[in-house]
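S.K.: By the count of our numbering, the sequence shown reaches residue 946 at its end, each step adding exactly one.
Just to be clear, a hint being listed does not mean it is correct.
[Said to hold, decoys possible] Straight-line distance between alpha carbons at most 30 Å, and here's what the computed DSSO-like set of lysine-lysine pairs gives:
{"id": "1", "residue 1": "Lys876", "residue 2": "Lys906"}
{"id": "2", "residue 1": "Lys926", "residue 2": "Lys941"}
{"id": "3", "residue 1": "Lys938", "residue 2": "Lys926"}
{"id": "4", "residue 1": "Lys919", "residue 2": "Lys938"}
{"id": "5", "residue 1": "Lys919", "residue 2": "Lys906"}
Keep in mind the hints are simulated off the structure, nothing from the lab.
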Amino acid sequence: MRIQIIGNDIEIDGEKVARILDIRVTLNDRLQDYITRADMSEEVDKELTQVENELREAKNDLEAMKDEVDESFERGYKEGKDDAAT
Numbered sequence: 861m862r863i864q865i866i867g868n869d870i871e872i873d874g875e876k877v878a879r880i881l882d883i884r885v886t887l888n889d890r891l892q893d894y895i896t897r898a899d900m901s902e903e904v905d906k907e908l909t910q911v912e913n914e915l916r917e918a919k920n921d922l923e924a925m926k927d928e929v930d931e932s933f934e935r936g937y938k939e940g941k942d943d944a945a946t
């Protein structure tokens with residue numbers, strides 16, 4: 861969702877939803893700042909979700925690699941034990 865002020869109109873995703881009347885310039889600037897921050901927080905949330913997904917995938921890959929190493933160690937231990945018994 862994109863919120864922006866164009867002239868005296870507030871638009872959400874390009875659709876006019878309200879008109880600003882009788883507002884001080886400083887208050888208008890603060891409103892613009894709040895809207896910009898809201899848009900940026902949405903982008904940050906998307907990026908964080910992407911990073912979380914990548915971390916989850918990396919964790920799964922590491923767990924799979926650990927399982928392979930454990931299995932290889934067990935096979936090697938068993939083979940060494942069998943060789944020592946003969």
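S.K.: Run every hint past the structure and note whether it holds.
M.R.: Hints, one by one, checked against the model:
1. Lys876 x Lys906: Cα-Cα ~25 Å, so holds.
2. Lys926 x Lys941: Holds, at about 22 Å.
3. Lys938 x Lys926: This hinted pair holds, its Cα atoms lying about 18 Å apart.
4. Lys919 x Lys938: Holds, at about 28 Å.
5. Lys919 x Lys906: holds, 20 Å
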